[in-house]
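> Here the protein sequences line up with chains A and B, keeping their order.
Residues in the first sequence are numbered from 1140 upward in steps of one, following our numbering.
Residues in the second sequence are numbered from 628 upward in steps of one, following our numbering.
Please keep in mind that the hints were generated in silico from the structure rather than gathered at the bench.
It is possible that some hints are incorrect.
[Claimed, not checked] In silico SDA-like links for lysine to any residue, alpha-carbon gap of 25 Å or less:
#: 1; chain 1: A; residue 1: K1202; chain 2: B; residue 2: F1095
#: 2; chain 1: B; residue 1: K1043; chain 2: A; residue 2: A1162
#: 3; chain 1: B; residue 1: K1043; chain 2: A; residue 2: S1230
#: 4; chain 1: A; residue 1: K1239; chain 2: B; residue 2: K958
#: 5; chain 1: A; residue 1: K1231; chain 2: B; residue 2: S1038
#: 6; chain 1: A; residue 1: K1231; chain 2: B; residue 2: I1098
#: 7; chain 1: B; residue 1: K1043; chain 2: A; residue 2: H1205
#: 8; chain 1: B; residue 1: K1043; chain 2: A; residue 2: V1170
#: 9; chain 1: A; residue 1: K1239; chain 2: B; residue 2: V1132
#: 10; chain 1: B; residue 1: K1043; chain 2: A; residue 2: V1160
#: 11; chain 1: A; residue 1: K1239; chain 2: B; residue 2: G963
#: 12; chain 1: B; residue 1: K958; chain 2: A; residue 2: H1205
#: 13; chain 1: A; residue 1: K1231; chain 2: B; residue 2: F1095
#: 14; chain 1: A; residue 1: K1202; chain 2: B; residue 2: A1096
#: 15; chain 1: A; residue 1: K1202; chain 2: B; residue 2: E1091
#: 16; chain 1: B; residue 1: K958; chain 2: A; residue 2: P1236
#: 17; chain 1: A; residue 1: K1239; chain 2: B; residue 2: F1095
#: 18; chain 1: A; residue 1: K1202; chain 2: B; residue 2: L1110
#: 19; chain 1: A; residue 1: K1231; chain 2: B; residue 2: R1120
#: 20; chain 1: A; residue 1: K1231; chain 2: B; residue 2: A1175
#: 21; chain 1: A; residue 1: K1239; chain 2: B; residue 2: P1122
#: 22; chain 1: A; residue 1: K1202; chain 2: B; residue 2: L1065
#: 23; chain 1: A; residue 1: K1231; chain 2: B; residue 2: K877
#: 24; chain 1: A; residue 1: K1202; chain 2: B; residue 2: S1038
#: 25; chain 1: B; residue 1: K877; chain 2: A; residue 2: H1205
#: 26; chain 1: A; residue 1: K1202; chain 2: B; residue 2: V1125
#: 27; chain 1: A; residue 1: K1239; chain 2: B; residue 2: P835
#: 28; chain 1: B; residue 1: K956; chain 2: A; residue 2: S1230
#: 29; chain 1: A; residue 1: K1239; chain 2: B; residue 2: G874
#: 30; chain 1: B; residue 1: K956; chain 2: A; residue 2: D1155
#: 31; chain 1: A; residue 1: K1231; chain 2: B; residue 2: V1068
#: 32; chain 1: A; residue 1: K1202; chain 2: B; residue 2: V1068
#: 33; chain 1: A; residue 1: K1239; chain 2: B; residue 2: L1065
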Amino acid sequence: MTDDEQKPMDLPALGDERPYVRAVARFWSRVCANPGRVVRGLIWVCGLLVVLDFMFLLPGVDKHAHFVWENGIGFYGAYGFVSCSLIFLISKHLVRPAVKRDEERHE
Amino acid sequence: MNSLPLPPGLILIVGALLIPFLRGWAKSAYVVILPAIGFLNVICLTSSFAAGAEEEVLRWTFQFLDFELVFGRIDKFSLLFGHIFSLLAVAAFIFILHTRDNLEYVSGMVYAGSALGVVFAGDLVSLFVFWEMLTLCAVGCALSRRTSEARGAAFRYLVFHVAGGVVLMAGIIVHIVQTGSAEVAEMDLGSPGAWLIFLGFGVNCAWPLLHTWLPDAYSKAGIGGVVFMATFTTKTAVYTLARTFPGEEKLVWIGVAMVVLPLFWAMIENDLRKTLSYCLINQVGFMVVGVGIGSDLALNGTGAHAYCHILYKALLFMAIGAVMYRTGKSKATDLGGLYRSMPLTCLLCCIGAAASSFPFFGSFVAKSMIVSAAAESHHTAAWLALLFGAAGVFHLVGLKIPYFAFFSRDSGIRVKEAPTNMLIAMGLIAVLCFTIALPVVNFPWAGYRYLYGMLPFELEQAYEPYTFAHINAQLLLLAFAALAFVLSLLAGRYPAEVRAENLDVDFLYRRGGRVILDFLDRWLNAINAVTRRAVIDGGIARISRLCAAGPTWFAALAMRSVWEVQRLDAETIASKEAALYRRAEEGAVPIGVSAMLAAVMMAVALML
């Protein structure tokens, strides 16, 4: 058992004895007890989807692309990654310094 | 049932008047049963419309002055919006069942009725009346939070929307005078009236620079009130734009700006309801692009996306509302770790987040129609912007909201799970988010074919969302967006949630307004002071003195000539003159002098 595969933590005092509430709480508890597994799972999913994208190179399997760049392997993945990275980089380094004001004394 | 269908908005608006007179369980039952009857009414309307062969039916028409008011313009487009508005009203009232707040109940009920009124209005006059009712009800929903912040936001909302309403009214008047028709029909931007109507709709649609009322009011409104606000205002604006300006190219670029710009503010916003509000503008941007493209596929996509977006955005606002109800907090810096205390709310929030774009959920079968339409119509830049927006909104709505509200660090807050009525409302919408996108055919009341069957246009080639290529592309986009989120968090590069107020373009209005006020104060008040000195203190005083002393002065001048002819000495003339002034003051001038003065004045007048 690695560090990030800890035993699910005991549920806190929910004060809610409904079995379905406790079942869902246990599920979340297990998920959150192993964040490393979630990250590794996500990386595996990304890899699998890129591999699946190679299938469109096979004859007879068509992407029905409107633009030529859609046919590039992993185009949508790269676009999603770059888009999100751009959003948080621009927000953090350009927008926030320009618009951030003190919460109590903003104009 | 035989008396149905009735005008869809009427049931809710008239029915709302009874709410304040009910108490206890009767009030609770009434506010759920009434919108349920409203929904049943729309279903009956749909059935009776489907039974006929016409493309459009006009019902409930009345003559008012020179106008024919149409309260029932029934076709597939109006029925689609009527269906989702009335359905959402049922869920929203279940959500606020515990409050028994007359202001929230009446505002919400009339709000839903007014939105249905706009959707089914066939003429601009009745549309305008329902449009303004939307504004008043939204103010009621904002005020229902009963905080000073909410009052301020409600006032700003009112100012914005009354200004927009005045512009719309001016546009409608000019349009009717120019064309002689009050029909809600397609227009082009060739006349001032059409431009004003376009702009009036744009205020409610939260176009860039006109959008600040939305995050301001939605983040400060009541927990239930915001569900009504997020559902009705912007979607009725999208609907009216689709009715009046389909294919207007300017809308494509307005929509692109709506899709891209709010994401940067949503990213740094600490208040989760504000983050949701910016993401709402982003998604309305998709619909505006769809209207701008104007093809059958794009307009179908707009309708379908409005339907699905109403569902999942309401679910997300409800989930954050439930968190607020239990914790009193909505800021990311104050929350975290709530999956322990509110596991079901967390699950329902995650379903709402997934419904924003994941395959097998609502938006996947809807939003993609608009993206495809942009590609088919060769709007390459718009297509790239929509893809950017789709990835960004998943990053924010799909990951940021659930992560900071329910996971993230443990805030130490331990509360009860949301009340049962809230869970039922959220559960109902979560089920709908899922069932509306199921890849099943010929399944009653479910499946994407059921949704597509409600869309306004028959396509030559049916749109098919569940292809291997589309699913893989969408999953790639989302998975790598999630990877960017996770890696930035792990690397400590993700913008930290900090307690701060982020300025929006309303800063320009407020700062600009102050500059204008200072300018007016300095220059106009200076002109005012100079004018006062010159006219009131100077000119008018002189005129007043002249009017008072003038006749005596003229009389003395005339009499002096007479006295000089009589060869009176200077001392006598001076004493007579003094006596004349004294008598004039006392009002005791001799009749002869008055008569002579009158004769002189008449002679002067005749000469002139």
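> Does each hint fit the structure? Answer for all of them.
Going down the list of hints, with the structure as the test:
Taking the CA atoms of K1202/A and F1095/B, the gap is near 8 Å; set against the 25 Å cutoff, the hint holds. As the CA atoms of K1043/B and A1162/A are separated by approximately 15 Å, the hinted pair is consistent with the 25 Å bound. Taking the CA atoms of K1043/B and S1230/A, the gap is near 35 Å; set against the 25 Å cutoff, the hint is violated. Distance restraint check for K1239/A and K958/B: the Cα-Cα separation of roughly 16 Å lies within the 25 Å cut-off, and the hinted pair is therefore satisfied.
Taking the CA atoms of K1231/A and S1038/B, the gap is about 24 Å. The hint holds against a cut of 25 Å. Distance restraint check for K1231/A and I1098/B: the Cα-Cα separation of roughly 32 Å exceeds the 25 Å cut-off, and the hinted pair is therefore not satisfied. About 50 Å separates the Cα atoms of K1043/B and H1205/A, which puts this hinted pair outside 25 Å; it is violated. Pair hint K1043/B plus V1170/A holds up; C-alpha atoms about 21 Å apart against a cutoff of 25 Å.
In summary, the hint linking K1239/A to V1132/B is supported, as the alpha carbons are separated by about 13 Å, within the 25 Å threshold. About 11 Å separates the Cα atoms of K1043/B and V1160/A, which keeps this hinted pair within 25 Å; it holds. Our distance criterion of 25 Å between C-alpha atoms is met by K1239/A and G963/B, whose separation comes to about 23 Å. Between the alpha carbons of K958/B and H1205/A the distance comes to roughly 42 Å, so the proposed pair goes past 25 Å and is violated.
Restraint check for K1231/A and F1095/B: not satisfied, since their Cα atoms lie roughly 36 Å apart, outside the 25 Å limit. Distance restraint check for K1202/A and A1096/B: the Cα-Cα separation of roughly 5 Å lies within the 25 Å cut-off, and the hinted pair is therefore satisfied. As the CA atoms of K1202/A and E1091/B are separated by approximately 13 Å, the hinted pair is consistent with the 25 Å bound. At roughly 20 Å between alpha-carbon atoms, K958/B and P1236/A fall within 25 Å of each other, so this suggested pair holds.
Simply put, K1239/A and F1095/B have alpha-carbon atoms about 44 Å apart, too far for the 25 Å limit, and the pair is violated. Pair hint K1202/A plus L1110/B holds up; C-alpha atoms about 24 Å apart against a cutoff of 25 Å. This hinted pair checks out: K1231/A and R1120/B have alpha carbons roughly 9 Å apart, not beyond 25 Å. A distance of roughly 76 Å separates the Cα atoms of K1231/A and A1175/B; the hinted pair therefore is violated under the 25 Å criterion.
For a cut-off of 25 Å, the pair hint linking K1239/A to P1122/B stands: about 13 Å separates their Cα positions. A C-alpha spacing of about 22 Å is found between K1202/A and L1065/B, which places the hinted pair at or below 25 Å, so the restraint holds. Of the pairs offered as hints, the one joining K1231/A and K877/B is violated, with about 30 Å between alpha carbons and a cut-off of 25 Å exceeded. Of the supplied pair hints, the one linking K1202/A and S1038/B is violated, its CA atoms being roughly 46 Å apart against a limit of 25 Å.
A hinted pair counts as satisfied when its Cα atoms are at most 25 Å apart, and K877/B with H1205/A qualifies at roughly 23 Å. For the proposed pair K1202/A and V1125/B, the alpha carbon gap of about 43 Å is over 25 Å, so the pair is violated. A distance of roughly 20 Å separates the Cα atoms of K1239/A and P835/B; the hinted pair therefore holds under the 25 Å criterion. Between K956/B and S1230/A, the direct Cα distance comes to roughly 24 Å. Compliance with the 25 Å bound is thereby established for this hinted pair.
Distance check on the hinted pair: K1239/A and G874/B sit about 38 Å apart at the alpha-carbon level, beyond 25 Å; violated. Of the supplied pair hints, the one linking K956/B and D1155/A holds, its CA atoms being roughly 21 Å apart against a limit of 25 Å. A C-alpha spacing of about 46 Å is found between K1231/A and V1068/B, which places the hinted pair above 25 Å, so the restraint is violated. With a CA separation close to 24 Å, the supplied pair K1202/A and V1068/B stays within the 25 Å bound.
Distance hint between K1239/A and L1065/B is unfulfilled; the C-alpha atoms sit about 43 Å from each other, more than 25 Å.
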